[in-house]
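Assembly of the complex is requested from the two constituent chains, each provided in isolation within its own frame, with the hints serving as guidance.
Keeping their order, the protein sequence lines are chains A and B.
FYI, the numbering for the first sequence is 9 to 187, going by this note's numbering.
FYI, the numbering for the second sequence is 28 to 476, going by this note's numbering.
Don't take each hint at face value.
Stated by the list, open to error - No farther apart than 27 Å at their CA atoms in a straight line, the calculated lysine-lysine pairs in the DSSO-like style are these: (1) B:LYS284 to B:LYS213; (2) B:LYS213 to A:LYS186; (3) B:LYS213 to B:LYS281; (4) B:LYS98 to B:LYS148; (5) A:LYS118 to B:LYS439; (6) B:LYS358 to B:LYS284; (7) A:LYS124 to A:LYS186; (8) B:LYS439 to A:LYS124; (9) B:LYS358 to B:LYS245; (10) B:LYS213 to A:LYS118; (11) B:LYS207 to B:LYS245; (12) B:LYS349 to B:LYS252.
Stated by the list, open to error - Residues of chain B placed beyond 10 Å of chain A at every Cβ, according to the derived structure: (13) THR71; (14) ALA97; (15) PRO103; (16) GLU109; (17) GLY124; (18) LYS284; (19) ILE298; (20) THR326; (21) PRO353; (22) GLY433; (23) ARG452.
What the hints assert, rightly or not - Sample of chain B residues at the chain A side, in silico, Cβ under 10 Å: (24) ALA86; (25) PRO87; (26) PRO88; (27) GLY92; (28) SER112; (29) GLU114; (30) THR132; (31) ASP133; (32) THR212; (33) GLY214; (34) SER237; (35) TRP403; (36) LYS439; (37) GLY462; (38) ASP464; (39) LYS465.
If you're looking for bench data, these hints aren't it; they were derived computationally from the structure.
Being a predicted model, the structure only gives us computed values, none of them experimental.
Every residue, glycine too, gets a C-beta built ideally from N, C-alpha and C.
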Amino acid sequence: MTRRWAGAPQHSAGAPHPAFGRTPPTPTGREARCERRPSFLFPHWGKYRRSRGRGLQRSVAFAAFAASLLAAGSALAQPPGDAANGASVFDDRCTLCHAPDGGGQGPSLKGVVGRKAGSLAGFHYSPALAGSNLTWTAANLDRFLAGPSDLVPGTAMRVILANPADRRDVVAYLATLKP
Amino acid sequence: MQLKTVAVVALACGAGPALAATLTGSAAMGDYKSDAPGVTRKITVADIPPPMMAHPGVAPPAVVGRPADAKLSLPPGFTVSEFASLEGPRQIRVAPGGDIFVAETDRGRIRVLRAPDGAAKAASTDTFAEGLDRPFGIAFYPAGPNPQWVYIANANSVVRYPYRPGDVKARGDAQVIVAKLAANTKGHTTRDIAFSPDGRRMFVSVGSGSNVAESMSKKPLDEAKAWDAAHGPGATWGEETDRADVLVMDPEGKGRKVWAAGIRNCVSLAIQPVTNDIWCATNERDMLGDNLPPDYVTTAREGAFYGWPWYYLGGHEDPRHKGERPDLAGKVTVPDVLIQAHSAPLGMAFYTARGGAAAFPAAYRGDAFVALHGSWNRAVRTGYKVVRIILENGVPTGEYQDFLVGFVVDNKSVWGRPVGVAVARDGALLVTDDGGDKVWRVAAAPRAR
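Same shape as in the complex, but just chain B (with noise of 0.2 Å):
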């Protein structure tokens, strides 16, 4: 491929560094290796290679203890401090009265986190909830400063407890909202979930069962025409039923239907704060090349198609399902941001603070922070960072920027995977890091701001 470098544009940030040039074309599909905080990337449709059905013959990386001279770095301005240590740490939200939700997810648990504004660490942790199925996703509902419930994402259902602002512990039982989101938990198993700011809808997203659908069924075309019909373009079958999509329901689980299909594993939803549009961060496939296809952060517009298994990024279709559905073809949706392929964007959140004790100059407010938790189907490790999406006026411009880097050790190595952030009462930006069984906290010094 053509190498190209290209100054696009120098974007306005208080507190980043003076940025060159955004990087294009096979320049931006970089690895660790040119990582930096501001390094600023923008992938398209135009720039990705053919597919590569050769396997890079490469596995997740060895996560190792933190090496004496491992450093995590950060834009000028930006500190960062260990804020708590967890076990598992995976999404994390931060309910209206500042508490500081996350799921330990391979534990069964839900832990509370609290902290004074502006402290560097938590200084409390308590358990809300334990004895859940690989709980996910965490929403508190209705919207505003009295949420009555907060919904958790299990692998394979929604439930919801009873809240009052201030609880660190359930304060009753668990009533069921959705009993079974799939036929069963293969695949991909974590699921988020988001309500409309208006309170009537329920977003919730559920990741594929398989890579790329090797064991779904063929159907003939008319008959796969005519589930499109009752199911929404593009809808998966089978074991894969509700699954590579996102589902709309009401908060109480009812009206059930598929609000964005082909959406491989959608594994954070957001709600972007201008537009109220419902967002996803997606890990796209592997096995067909280490630049293809690339991850995405997009809204997920009712009704589209995003192409999973047979096509991606528009009518590129999937050479594991050669033939199948040219009647798909044109009806794929592009993604709005590409991330590196492999980059495995996990947790997102759009950056909301508007004061406080650590909160970011004011060019971060409207962006979005993107948790890259890392590749393994790729020769060059890639990802284990935190990126931000940059939006101007609610619109993304399709740039993504490094933020926090610094987890990897060397190709075989890491010490640190990122996979939830959340934006704190204080301004401060939350990760959390399954890998170091950490969660992070950056603020901005008072200078920065």
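So that you can see chain A by itself, here it is in the shape it has in the complex (with noise of 0.2 Å):
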């Protein structure tokens, strides 16, 4: 509650609570432009597609461009974002179902970044997941984390990060997890 509302002021019992009774702050600014746009496909798709119809360029830019796919495991390896918040964040919003060690209710995600979805062998996911064809970009798990059921309704995914700057958090701490 302190970090999802960061910057609250304190209060005491009896008085209205900043936080209570309205909506959480919708993401604004270039989170919102990112929720726009397909980038959950093609996550670099937007710095080449402006050069589209000019000959060699546009070559250029789509060799760019497959490139940067091929590159995407080690690329997204360090998404921007707080590891070190996220390390907090996810310590207390996800371990009790991924335990650092496995074993959990869900699934180890030590090297989940660039992972396909459902793809941990001996794990049971949801049909959902399992058949979503998704691969765990640093913005598809961000998208997934905004709500799982939103990106792949019938996920037995329930957790919810409402918070923008925690998702980059937890995303970033997620790339430091290696298989």
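The following block contains the structure:
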């Protein structure tokens, strides 16, 4: 709570709480724009699409785009965000199911960034996630954490991280977990 | 283990099927394959197996869409209807006026459903409050027909909204009653609230931060005893301070102390209508085997210690805390009703309706209904049903009986997961289901009453 509403003034019993009774802030600026384009499919496409229709430049752009896809695993290895804070949020919100040593209600998240969704051997995924054809890019993880059943209707994952900064930091932390 | 099935009692229950026997011993420790309305089980401490440290290597079920041939089963004379569709509905409570409050925990919302008496479907759905942090517990205060407040338990706080019967939207800002329940919200995050009928006490259940306090520091015995002396028998410390317990305070949040300790995760609280005792539906620990330790439903007695994390079911020591607390071995209260291990009892409500368009037969009055969310830490699935807890004159017999079953597809998949139960104004039993995102309504047909 304190983390999610960081900056909220201290309050005492009986006083109205600034965080209750209203909707959490909707993402604005960069995050809001990110939500509107299909970045979860092609995270780097926006950088290249402006050159569409210009012959050689277009080919170069496409090659660069393709290369970026090939490099996605390493390029996404350290997404922006505060991994230390992400570890703290993860500890608070995620570890009951995603135990650090595996063996919990959720799958191990070691090496999750860059992994195909629903692909860890031995874990019984929901048909929804197993058939999602998603790859856990930073952008996909962000969308998933913002509303798991919005992105993958039928997933067993329930936890929602409503705060965009928390999501960014958790994804940065997940990227530090090596298989 | 010796297999035994003993005929213990033939229950006189108006609408139920003729009951041949109560399953006991290892026969009582069934899975979804033996579920059927009317099947009655009684598990006792003498039946439990020794701990087994191996993980069965299973996971939570895949929640799938409702198969075409899926059918919910009830005892004869009852019908079930799809009452409402919500997003991840969890705790459910009925306001004195009949409006139905449901926590959409993951969405941070409290919804209000309304239906005419006898209606199979809700007529309206409103949003009472939103922007909350994983709200679960809901309680109206004070008791009686005109509550002034709706209390909501968030993952780490208690707030209340001003309320008048009929409100479908909060008429004012929330007031913070308890700003912080524990150091953090690691682990179990449901918090429930109940008031004593005299209005003097507010109970708040707080689940543990872990499976079995793996990272709680070890205290030398003299320090542990000193901690107990200050905080109550079996109280936990560090990040587990004020967790795995039921707290008590006044309705303003003052005078807070531990009411009962060692209750790993008391998900729902309920006041027993005959004795006015506070009850808990509790999830016990994992990784000790398919049938150990049983979950339970119990009176939460003042000052009692129920074992977590050092013991379970009396003086059975948890092998992960071997030798740590010999002083507590003889101080562990055995819970009233043991439920098949890993069933995950979440919601609980006593059946109090005395009439109404959907009221159950008189034999159900005073019994309790408990929603079993279903197992993950078990080779063969169990739970995923609503059971009836049998009481006689307010005293639990230790038996529980399958009431609403049919959510399991196979050992890998389920299409519904019961969470909360509440008795509607017309006597129907409402059941939330956060697997299928539904609220179900169970009504007794007139001929059954």
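Hint by hint, here is what the structure shows:
1. B:LYS284 to B:LYS213: Answer holds: B:LYS284 to B:LYS213 is near 21 Å, not above 27 Å.
2. B:LYS213 to A:LYS186: Given pair B:LYS213, A:LYS186 holds - Cα atoms ~23 Å apart, limit 27 Å.
3. B:LYS213 to B:LYS281: Status holds; Cα separation ~24 Å.
4. B:LYS98 to B:LYS148: 18 Å, holds
5. A:LYS118 to B:LYS439: 24 Å, holds
6. B:LYS358 to B:LYS284: 19 Å, holds
7. A:LYS124 to A:LYS186: Judged against 27 Å, a Cα distance of about 15 Å means the pair holds.
8. B:LYS439 to A:LYS124: Holds, at roughly 21 Å.
9. B:LYS358 to B:LYS245: With Cα atoms ~20 Å apart, B:LYS358 and B:LYS245 stay inside 27 Å; holds.
10. B:LYS213 to A:LYS118: Holds. B:LYS213 to A:LYS118 sits at ~20 Å (cutoff 27 Å).
11. B:LYS207 to B:LYS245: 25 Å, holds
12. B:LYS349 to B:LYS252: Holds, because 17 Å separates the two Cα atoms, which is no more than 27 Å.
13. THR71: 29 Å, holds
14. ALA97: 15 Å, holds
15. PRO103: 33 Å, holds
16. GLU109: 18 Å, holds
17. GLY124: 21 Å, holds
18. LYS284: 17 Å, holds
19. ILE298: It holds; B:ILE298 is separated from chain A by about 24 Å at its closest Cβ, greater than 10 Å.
20. THR326: 27 Å, holds
21. PRO353: For B:PRO353, whose nearest Cβ neighbour in chain A is about 29 Å away, the distance exceeds 10 Å, so it holds.
22. GLY433: Answer for B:GLY433: holds, closest chain A Cβ roughly 19 Å.
23. ARG452: 27 Å, holds
24. ALA86: Nearest chain A Cβ about 4 Å off; hint holds.
25. PRO87: 5 Å, holds
26. PRO88: 7 Å, holds
27. GLY92: 7 Å, holds
28. SER112: B:SER112 check fails; min Cβ-Cβ to chain A is 13 Å, beyond 10 Å.
29. GLU114: 8 Å, holds
30. THR132: Status holds, d = 8 Å.
31. ASP133: Check passed: Cβ of B:ASP133 comes within 5 Å of chain A, closer than 10 Å.
32. THR212: 6 Å, holds
33. GLY214: 5 Å, holds
34. SER237: 8 Å, holds
35. TRP403: 5 Å, holds
36. LYS439: 6 Å, holds
37. GLY462: 9 Å, holds
38. ASP464: 8 Å, holds
39. LYS465: 14 Å, violated
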